[in-house]
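If you want the building blocks of each chain, they are given just below.
2 protein chains.
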Amino acid sequence: MAIKGNQSVEYDRKPYIYESANIVGKKESEGPLGSYFDSKIEDDMCGRDSWEEAESELQKKCFETLLTKSSLNRNEIRYIFAGDLLGQLIATSFGLAGFERPIFGLYGACSTFGEAMGLASMCVAAGYADKTAALASSHYASAQKQFRFPLSYGNQRPLSATFTVTGAGSVVISQKRGNLDVRIGGITTGKIVDYGVKDSMNMGACMAPAAADTIAANLKDFGVEPEYYDKIITGDLGLVGQTILIDLLRKQGIDIEDRHMDCGIEIYSDEMQDTHSGGSGCGCSAVTFTGMILKKISMGEWKRILFVPTGALLSPVSFNEGMSVPGIAHAIVVEKE
Amino acid sequence: MAIKGNQSVEYDRKPYIYESANIVGKKESEGPLGSYFDSKIEDDMCGRDSWEEAESELQKKCFETLLTKSSLNRNEIRYIFAGDLLGQLIATSFGLAGFERPIFGLYGACSTFGEAMGLASMCVAAGYADKTAALASSHYASAQKQFRFPLSYGNQRPLSATFTVTGAGSVVISQKRGNLDVRIGGITTGKIVDYGVKDSMNMGACMAPAAADTIAANLKDFGVEPEYYDKIITGDLGLVGQTILIDLLRKQGIDIEDRHMDCGIEIYSDEMQDTHSGGSGCGCSAVTFTGMILKKISMGEWKRILFVPTGALLSPVSFNEGMSVPGIAHAIVVEKE
Chain V
-4 MAIKGNQSVE YDRKPYIYES ANIVGKKESE GPLGSYFDSK IEDDMCGRDS WEEAESELQK
56 KCFETLLTKS SLNRNEIRYI FAGDLLGQLI ATSFGLAGFE RPIFGLYGAC STFGEAMGLA
116 SMCVAAGYAD KTAALASSHY ASAQKQFRFP LSYGNQRPLS ATFTVTGAGS VVISQKRGNL
176 DVRIGGITTG KIVDYGVKDS MNMGACMAPA AADTIAANLK DFGVEPEYYD KIITGDLGLV
236 GQTILIDLLR KQGIDIEDRH MDCGIEIYSD EMQDTHSGGS GCGCSAVTFT GMILKKISMG
296 EWKRILFVPT GALLSPVSFN EGMSVPGIAH AIVVEKE
Chain U
-4 MAIKGNQSVE YDRKPYIYES ANIVGKKESE GPLGSYFDSK IEDDMCGRDS WEEAESELQK
56 KCFETLLTKS SLNRNEIRYI FAGDLLGQLI ATSFGLAGFE RPIFGLYGAC STFGEAMGLA
116 SMCVAAGYAD KTAALASSHY ASAQKQFRFP LSYGNQRPLS ATFTVTGAGS VVISQKRGNL
176 DVRIGGITTG KIVDYGVKDS MNMGACMAPA AADTIAANLK DFGVEPEYYD KIITGDLGLV
236 GQTILIDLLR KQGIDIEDRH MDCGIEIYSD EMQDTHSGGS GCGCSAVTFT GMILKKISMG
296 EWKRILFVPT GALLSPVSFN EGMSVPGIAH AIVVEKE
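In order, the protein sequences belong to chains V and U.
For the first sequence, the working numbering assigns the number -4 to the initial residue and increments by one for each residue that follows.
For the second sequence, the working numbering assigns the number -4 to the initial residue and increments by one for each residue that follows.
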């Protein structure tokens, strides 16, 4: 039976992660995970005329790399599930239109890669497709322009702020084994959780309650303890959000401190790169997953992890109207075969 | 076998449309379809402080009505698939957070209701849920503010312009028969189609190529002629877009003129309501479907229709940067049992 508990699915026929691809900006390539990435851009504008077009170019290059690495023709990808942070998903629309594939546009803020992997794996496990792709991107400059201040304004960033990752990550999900011995065991789809936090410079605090909610739901639905997973890896809580997550779960009697990891904390070295609380953006979890995490699972270093991309449902309009920043998190069980 | 042709799914166990609900603004309630709607708001602000909050309120009221009409507890809806036109889907995030259900945020511009019905029905047909909900909204004032001019600017609207529908529509999709004898036979997921049109006041022209692409794909994938459907109903092409759609398909040897209908043309009386080319927005197809279309199928007036919500992937940022407005359309086969 596929339905598991209140908000999870466990696959009878676990789909494979057939192949992955990513591309990052210069700063990300110089960080602690630099050696894990497929390719990098030297010019943050990607040779285009605007930050938004640059982000579209990241998506395009990422999907091209995915096709090359997997030796697939674009027509073998039956559906693309993709999204980004920009209003009306323009990085996705303009980045992926040229591939002429049926597409589901998704918005889950920085949790979008989790939402995409969830739906893409459901689709394959149900037999609606042999192969689907999940993709998400973010770009530091387009995100700053969209959500906060133009770069040229030169505002100071508080210590709780995270740094939006410039990068795109993608996977092909398939019923057949590909180049990786990694499968998706199940998913836990998140609810919108709003603790009323209104600080757009402290996204970790906005998202931690949603991450705690989804992780607790996953453990309950699957009837397991945190030890079931070698690692529980959130998307972009950063240092501030990590502390809150661990505290919130501890109050529910769940201790994940010894196995928690956060893509936002891993991707930069604050000491060397002045990134404060960590990295963020859809691209943060997407490139860390397709870079480091998949490789560690594929090599057998980790047997099973819970991957939990986290999103802060922030909009410049709602923020300027004094609204809170609700959070959401979607969890994916990823296993070594 | 569920996979059909290049981009369609035909369900072996066709899911039911269990119940529907909608809510519209004053103008829509005074239009030709007024008597079909469940409820209307008298005050376009819905008693809230901003247009965005008003649209959230529409989503909230719509979902509440859906639960009441279907006599379901919110916890019986396993997943919500929902979206709107605003940047970062704030109408959805703030409108539906209070129901505390696992949610997939979707963006397909005005095609979002089709995208939502597609994924919600795939999910039910695959056995991932007993019941899912699909929901989409738009609001004239929040859309004008987001995409064009603030209302108080009082700009003139060209004759090719459409009028964004204030309203929200939703359905429960279920493996079990509900209050309607209507089922979803299959879906055809659209590609992004960009003919390079750059006129944000002529959305019909931006979307018609995508509608033609999806309709032609549906007919090919299912191996049928237009006569297979009693009606082929697009979302919000309006009068200008309708002409283009019919012409584009005729060039491919497909004639749908005698059975084409467009929600945007049906919802207003241009003569009486000064709406020019017609209605638009996610809400346009969502309220017309859940209002008129479902009732006509349920009553047996139509046995089978192809419902094709159409979206123009317009963003104020990309538009101001001189980019085109690509289109997308998702088709749903809806049948009287």
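Keep in mind that the hints were calculated from the coordinates and are not lab data.
Glycine is no exception: its CB is placed at the ideal position from the N, C-alpha and C atoms.
Among the hints, a few may not be true.
Below, a list of computed lysine-lysine pairs in the PhoX-like style, where the Cα atoms sit at most 25 angstroms apart [stated by the list, open to error]: (1) V:K290 - V:K21; (2) U:K193 - V:K140; (3) V:K193 - U:K140; (4) U:K246 - U:K193; (5) U:K9 - V:K(-1); (6) U:K(-1) - V:K171.
To give an idea of the interface, some chain V residues facing chain U are shown, with a C-beta separation under 7 angstroms as derived from the structure [claimed, not checked]: (7) Q83; (8) I85; (9) G103; (10) A121; (11) G122; (12) D176; (13) M294.
Going down the list of hints, with the structure as the test:
For the given pair, V:K290 sits about 21 angstroms from V:K21 by alpha-carbon distance, which is consistent with the 25 angstroms threshold. Taking the CA atoms of U:K193 and V:K140, the gap is near 23 angstroms; set against the 25 angstroms cutoff, the hint holds. At most 25 angstroms may separate the alpha-carbon atoms for a hinted pair to count; V:K193 and U:K140 meet this at roughly 23 angstroms. Pair hint U:K246 plus U:K193 holds up; C-alpha atoms about 23 angstroms apart against a cutoff of 25 angstroms.
Pair hint U:K9 plus V:K(-1) holds up; C-alpha atoms about 23 angstroms apart against a cutoff of 25 angstroms. Between U:K(-1) and V:K171, the direct Cα distance comes to roughly 20 angstroms. Compliance with the 25 angstroms bound is thereby established for this hinted pair. At about 4 angstroms, the closest approach between the beta carbon of V:Q83 and any beta carbon in chain U falls short of 7 angstroms, and the interface hint on this residue holds. At a threshold of 7 angstroms, the smallest CB-CB gap from V:I85 to chain U is about 5 angstroms, leaving the interface hint in force.
For V:G103, the interface hint holds, since its Cβ comes within 7 angstroms of a Cβ in chain U; the closest pair sits about 5 angstroms apart. For V:A121, the shortest C-beta to C-beta distance to chain U is roughly 3 angstroms, which falls under 7 angstroms, so the interface hint holds. Checking V:G122 against chain U by beta carbon gives a least distance of about 5 angstroms; that is within 7 angstroms, so the hint holds. Taking 7 angstroms as the C-beta contact cut-off toward chain U, the hint placing V:D176 at the interface is violated, the least distance being around 25 angstroms.
For V:M294, the interface hint is violated, since its Cβ never comes within 7 angstroms of a Cβ in chain U; the closest pair sits about 31 angstroms apart.
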